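Undergrad: Taken in sequence, the protein lines are chains U and G. Residues 214 to 348, numbered by this note's numbering, are exactly what the first sequence covers, in order. Residues 84 to 427, numbered by this note's numbering, are exactly what the second sequence covers, in order.
Hints were generated in silico from the structure; no laboratory data involved. As the structure is a computational prediction, the values presented were derived from the model and not from experiment. Misleading hints may appear alongside valid ones.
Claimed, not checked - To give an idea of the chain U side of the interface with chain G (calculated C-beta under 7 Å), a few residues:
no.: 1; residue: Val261
no.: 2; residue: Ser271
no.: 3; residue: Ala347
no.: 4; residue: Ala348
All C-beta atoms in this analysis are idealised placements derived from N, C-alpha and C, irrespective of residue type, glycine included.
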Amino acid sequence: VAQVPHFSSPPTYFYEVGYDPLYTATSSTFVGSVLSLAGLRNIAGASVDGSDYPEYSSEPVLRANPTFVFLADGASLASVAARPGWSVLSSVRDGRVIALNADIASRWGPRIVELLRSVVDAERQYARSVRKAAA
Amino acid sequence: VTALGRKGWLIVASVVAAAAVALAALLIGPTSVSVPGALLEVLDNLTGLHLRTGLSASEAAIVWDLRAPRVVLGLLVGGALALAGGSYQGVFRNPLADPYLLGVAAGAGMGATIAITAGAENALGPLPWVPFAAFAGALVAVSLTYAIAARGGQRSPATLLLGGVAISSTFTAAQTYLQLRQTQTLRDVYTWILGDLSTAGWHDVLLLFPYVAVCGVVLLAYRRRLDALSVGDEEAASMGVGVARTRLVVLAAASLMTAAAVSVSGLIGFVGIIVPHAVRLLGGTTSYRVVLPLSLVGGGAFLVLADLVARTALSPAELPIGVVTAALGGPFFVFVLRRRGPLW
C-alpha cells in the first residue's frame with residue numbers, strides 16, 4: 214500500500230465479476246475495500262439497488278470511462294475489446310484492462326496480497342504514463 | 084370504412100406504435116444522451132452522411148452499439164415469438180399453445196446448460212457457443228417430438244402435443260441435473276433461462292435476421308390456410324387446403340424461428356401466448372389474416388418496451404427481461420380478458 218502512487222484525484226475502476234449478463238462488485242464488498250486501500254474509486258459506488266454484486270448495465274460503464282477495468286471472470290483485454298461498444302473505453306485503448314487471476318481475486322486468503330500487488334503495479338504503470346504525458 | 088379498411092388501419096396503427104416504442108427505447112436509458120444528438124447519431128449510421136452529432140465517442144457508442152442493437156433484437160425476438168405463438172394456436176386450434184410447446188424451450192435450455200456448465204465460453208475461444216448449443220438443442224428436441232408423433236401413426240395434433248410434453252419433461256430433468264451438479268454456473272444458466280438482451284450486439288441481429296425473415300414470410304403466407312383450418316380439418320380439406328402439409332410447414336417454420344430467437348435471447352416467456360390473445364381482443368377478430376401480422380408487429384413492440392423497463396427500472400442495475408415480460412404481461416392479460424370477455 215505504501216507503494217501506491219499519489220494521484221491528484223483518485224483513479225476510477227470497474228470490477229467485473231461476470232459478463233453476459235454483466236455483474237460487478239461494489240466498493241462495499243471485501244475486494245472493493247482492498248481496491249479502496251489502493252486509493253481507487255469504484256464507478257458503481259457502495260451499492261446498487263441494495264446489492265453489493267449487482268447485474269449492471271454497460272451504458273454507465275461506457276459513460277464513466279473508468280481508468281481501470283479489473284476482470285475476475287476469465288475475460289481478457291481482447292474479449293473486452295470485442296464487446297459491443299466497449300472498444301471506446303480509454304482503458305481498452307491504452308491497455309489498462311487487467312485480467313486478474315480468478316483464484317486469487319475471488320478466493321480470499323493470504324494471497325490477497327498478490328491481488329493488491331498486481332493492482333498497485335497497474336497503478337504505478339499508469340502514474341508513469343501520466344507523468345510522461347505531462348512532460 | 085375507407086379505402087384501407089379496418090384491417091389496414093389496425094396494421095398501420097400497430098406499426099406506428101411499434102416505431103414510437105422503438106424510438107423511445109433509443110432515446111431513454113440508464114445514462115442520459117441528448118435527444119437531438121442521439122437522433123443524428125442513428126441517422127448518421129443509417130445514411131453514412133458523416134453528420135456532426137455533437138456526441139462524445141462513448142455517447143455515440145451507447146446509442147449505436149448498445150441501445151440500437153437491443154432495440155432491433157427486441158423487435159425481431161418479440162415479433163418471432165408472438166408470430167410463432169399465433170401460428171401454433173392456429174395449427175393446434177388450442178388457445179394455450181405457445182412457441183415452447185413442442186420442446187423448443189426445454190431443448191434450447193438443455194443445449195445452453197451443457198455449453199455453460201462445460202465452460203465452453205471461456206475454454207473454446209470467442210465463438211458464440213451458448214447460442215449455437217441452444218439452437219442445436221431446440222432442433223433436436225423438436226425433431227424428437229415430431230418423430231414420436233409420426234411413429235404414433237395418425238399424426239394427430241394431440242399426439243404431437245403429448246410428444247412435446249414428454250420430450251420437454253425429459254430434457255428439463257436432464258438440464259436440472261446438470262445445473263445441480265455444477266452449482267457455480269447456476270446463476271449464468273438461470274439468467275439465460277429468464278432471458279436477457281443486456282449484452283446484445285449487431286452480430287446477434289445478423290445471426291437472427293435471416294431466420295425471422297424467411298420463416299416470417301412463410302408463416303404470413305399461410306395465414307389464410309390457418310383461417311380455413313380453424314373451422315376443422317375436414318372443412319379445410321373440402322376447401323382445397325392440404326391439411327397435413329399446412330400443419331407440417333407451419334410447425335417447422337414456427338419451431339425454427341423460435342429456436343433461432345431463443346438461442347440469441349434466452350427463454351423469454353409469455354410473449355407467444357399474451358401477444359396474439361391481446362391482438363385478438365383489441366383488434367376484435369380471430370382471423371389469422373389479421374392476427375398474424377399484428378402479432379409480429381405487436382410482439383416486437385411489447386418486447387422492446389419490456390427491455391426498456393428491464394434496463395431503466397432499477398438502473399444502473401439490470402433486470403432479466405423474462406421477469407419483466409411476466410410481470411407486465413400477466414396483469415395486462417387479466418385486464419384485457421376482464422374488459423372484453425373471452426374471444427376464442
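Undergrad: Confirm or reject each hint.
TA: Okay, the hints, checked on the actual structure:
1. A distance limit of 7 Å between C-beta atoms decides the matter here; for U/Val261 the minimum to chain G is near 5 Å, and the interface restraint holds.
2. Given the 7 Å rule on beta carbons, the hint for U/Ser271 holds: about 5 Å separates it from the nearest Cβ of chain G.
3. Look at U/Ala347: its Cβ only gets to about 23 Å from chain G, farther than 7 Å, so that hint breaks.
4. Restraint check, U/Ala348 versus chain G: the minimum CB separation of about 26 Å is more than 7 Å; hint violated.
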